[in-house]
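Just so you know, the protein sequences line up as chains A and B, in that order. The first sequence: position 43 = 44 (the numbering used here), numbered continuously. The second sequence: position 617 = 631 (the numbering used here), numbered continuously.
Think of the hints as simulated: they come from the structure by calculation, not from any bench. Do not take every clue at face value.
[To be verified] Examples of chain B residues toward chain A, derived with CB under 7 Å:
{"#": "1", "residue": "52"}
{"#": "2", "residue": "53"}
{"#": "3", "residue": "56"}
{"#": "4", "residue": "460"}
{"#": "5", "residue": "537"}
{"#": "6", "residue": "540"}
Since the model is a prediction, treat every value here as computed from it, not as a measurement. Backbone N, C-alpha and C define an ideal beta-carbon position, used for all residues, glycine too.
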Amino acid sequence: MSIIQSLKKKPLIRILASLKTTLTCLLLLTILTFWGTLYQTQHGLYAAQHRFFYSWFFLAGGWFPFPGAQGVLWIFFINLLITTLFRFLQYGRKRIGIIIIHLGLLTFFISAFVTFYFAQESFLSLEEGESSNVSVDYHNWELAFWKESGHSREIHAIPVKKMGRNAILYLTGFNIKFQLKNYYTNCAPAQDTAANALIYNAAGIRKLTPLKDDPDPEKNMAGGLFYFPGAEAQHQNVMFFGGELNPALIRIDNQDCFIQLRRIKYPLPMLVKLRDFRKQEHPGTEIAKSFESDVELLFQSDLKREVRISMNNPLRYQNFTFFQASFHIDDQNQETSTFAVVENIGRILPYLASGIAFTGLLLHFISMLFGHIKKLKP
Amino acid sequence: MTKKIFAIIVFTMLVSLQTSFSQDSPSLSLKKLATLPLLENGRKMPLDTYARVKLLQFSGKSTFQKKSALEWMAKVLFNPTATISDKIFRINHPEVLTALGLPEEPRHRYNFNHLQPVINHLHQLAQASARLEEKDRSPVENELLRLYSNINMYISLSNTFQFAVQHSDFHILDPQTKKALGLDPQKEFFSFLDLFLNIDRIKSFSDVFQMKKVESWTAQEQEVFQISKNLYDWSQQFQRTPLAIFPSWSHNQEMWFSPWEALLTQIQSPAIQNEIIFLKLVTLNYLDKNQGKFDESLGLFFSSIQRRHPELLRTSHYSLEIFYNQFDPFYRSQFLYGFGLISVLLSLIFFKNVLYRTAFFLIAGAGLLHLSGIILRMIIMNRPPITNLFATFIYVSLICVLLGLILEWFNKKPLGLLLSSIAGLVLLLISNRFGAEGDSMGVLIAVLDSNFWLSTHVVCITTGYAGCCAAGIAGHVYLFQRLLKPQDQENLTNSYKAVYGILAFGLIFSFIGTVLGGIWADQSWGRFWGWDPKENGALLIVLWCAILFHARMDNLIHHLGFAVGTIFGIIVVMLAWFGINLLGVGLHSYGFTSGVANWLMGYIVFQITLVLALLFLIQRRIPLEMPEKNK
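Turn these sequences into a full structure, and let the hints steer you where they fit.
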């Protein structure tokens, strides 16, 4: 008890453990949630997430610093941790239900932090009969390098996010130096005959027009200008556009190298082949009743497995989960199925948190019930 | 004596309620027709339901001139000319009247005769409205589109069985022509079907039409040409009529055809040909008012369909659905809640005991009716209670009613009865608006097609909405008590405890529902939480309740502040419940609504004004820091 008393006297601990801090965090979260929800109507979910919920703080109206949900949640977490600890030491079994509910909330926070910092979301689109062992990022781009054009090739890639503007980067495996000179998160190729003829592009693009980021970031098409000092003169300034189908072939230090700007690709622990996609509609309507994909998984051990992935029935393997996300049927009736792929080491944490919180609720009700029965006894 | 008065009051109310629903007996019993199965928007339903849905869409009411929707529908289908003076088209916006140059009619309802002269103009206005993006349309443009669609539907329905009746387009005088076409020589007028069944004979004239010059055609050839032209025009005009009553399997897929579609595309099947002839007999016997033959021909049609596709016609729920339609439990409950509310309010002034007991029994009776309605829907749909926005209203109102009744059972103060009757009446009245939008038991999209999650997450979160709404209503009662009887401390404390307890109930279910929603999202989309608007709405409720409880713990607010907080909690619930749907973004697109934004804003302004006015009056009467401090 004496430890608690001495800790409680420390001003910082007193502030962090106070109910007023709890209330401030709750109020700020309420404001952020409401504001962030309204913001989505104009700017989309992705922009709202980054501005309001994933940030430590942001500038409201362009000048007023306002705490973001990430900052608020960390303070709330510390507040909850200290108060739960104090209450546990102070009340022991008396308020065990309430304490366990708060422990559950703490686990929710831990789960949120683990997911936020470590989870990876990507997608995998396959036509019927097609297979792949990589999934693709929704938003982020990378510059990929490879030498061989065959079926099997060694690819080195650097995410654009990690490239500093104008800093010289060195790709060790390929012995290539390069520099990011200009980069747009969303752009379109423009016709400009007066553009710099020294700029090289595999598709003949000479100029990129920057565009406003789309509320749906999957629609953004990145592009930029890169400088390769070791390349031949006509290949030193290379323009890449995310919408290009083919890579640029550049001769650097007497070796041919394929380079492409593309969405980041993540390796999967198996080869996934789409065998069949089925969509069922409610009769007489175009309302989807169900859609499901039969896929074949081929592991490195040559082990094969057939799995059905449908709405509400994902495929789980190690830390990966594959969800039936969407589909496309083209004019030739070729069916494409798209899976959302999530790699999350903390996948189980929300379930654990829910279990703890529900147990706390149950214990709280049982203790309340016993309390009432005691009161009723003469 | 008191018991007698009580019994008389309840009996009178129930009898008056019964009388208000009694209907004139129809000239022809449509009991068998009511069970005619059809497919509409992916759901199999009896014709009785279809008729109600259409009449509700047209007129906003489920009966017409105290007659059932089915009677009206039968007239439209079999004897459409008898319905052109029926005022069934409701026009909700006065600017639509101005745009169409129509005079104002009582109850804003118009018949086909009123609208026929302006159909072309309406068509142009509707086309212009349709070109706009849905979000850019004004209420007037939406109303124009709705009216146009309703008129088109009415015209299509009135043509559904026109193939069966004689028409001047198929008038044949020449006995030789009749003979050549294999027609009854005694008749002059024929139906589309009479001729279509002899289409091969008409086709045999095609060589003549191609080889011979028009000037050299005989009178008979000219008559046959005119008939074949009319047949072609009719088949083009009516090929897309509604009422899919012919089930079939095609390419491994279940398909349903309307009578015209079946006639024009499936007639080569002898079974379907027979069924179309049975429908002709149904039509003619309806017009002849021959009950026996009408039922017999319908029976033959049913039996034939049943023989062809027994697996598509498991009609065991149809009778139950018809019972549900006719019983109309929610409509009846509204009356009882209304009477209950009047009784409980009057009990505060006079005949305290009698009126209090009357109110209790009326509200409990209404609650039972209400509950039975929800159970019937669950059995008919084979689903948990909540599948769409309409169902959330009837469910939330029931939970509020039950919470009020439980509170009343323990408290014996009228707070619980007031809560039950107000919540039951107001929320059911609001549900009428959503019920009138169409079939309230529609099919579910793929992601919602999970009875497990519908019965866990959706039920929990909606129970949470109910708890918070009920706490807010009880909060109103507390404020009025505080204004009118501030000296009654015992009553005020009891009311505060009730508000506190109900909000705790709401918080627990909102929290469990939100967590379960996260688990469902993790199962369906791969993330527990994604800051989607609907998720945020649920979180806002949890956060708001948590703020109130923690503020109370910290003595930052007292009884009055807590009650005011619960009232604002209703606004938070409204925003989360359907305000979020107005944003039109996010993954929960199944519940998007339109046209309620103004209503919602109006409610918020009214609510804030009411609370401020009450607080002002309370403060004028008694200082805000009443002796409740530190309680």
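Hinted contact residue 52 of chain B with chain A - closest CB pair below 7 Å: 10 Å, violated
Min Cβ distance, residue 56 of chain B to chain A: is it shorter than 7 Å? Since the shortest Cβ distance to chain A is 3 Å, the answer is holds.
Would you check whether residue 540 of chain B satisfies its interface hint, that is, whether its CB is within less than 7 Å of any CB in chain A? With a minimum Cβ separation of about 4 Å from chain A (threshold 7 Å), the hint on residue 540 of chain B holds.
Tell me if residue 537 of chain B is really an interface residue toward chain A, meaning its C-beta lies closer than 7 Å to one of theirs. 6 Å, holds
Tell me if the interface restraint on residue 53 of chain B is satisfied: Cβ within less than 7 Å of some Cβ in chain A. Holds, because the Cβ-Cβ distance from residue 53 of chain B to chain A comes to roughly 5 Å (cut-off 7 Å).
Against chain A, with CB atoms and a cut of 7 Å, does the hint on residue 460 of chain B hold up? Constraint on residue 460 of chain B satisfied, holds at 4 Å.
Comparing the model with each earlier hint shows a violation of hint 1 alone; every other hint is respected.
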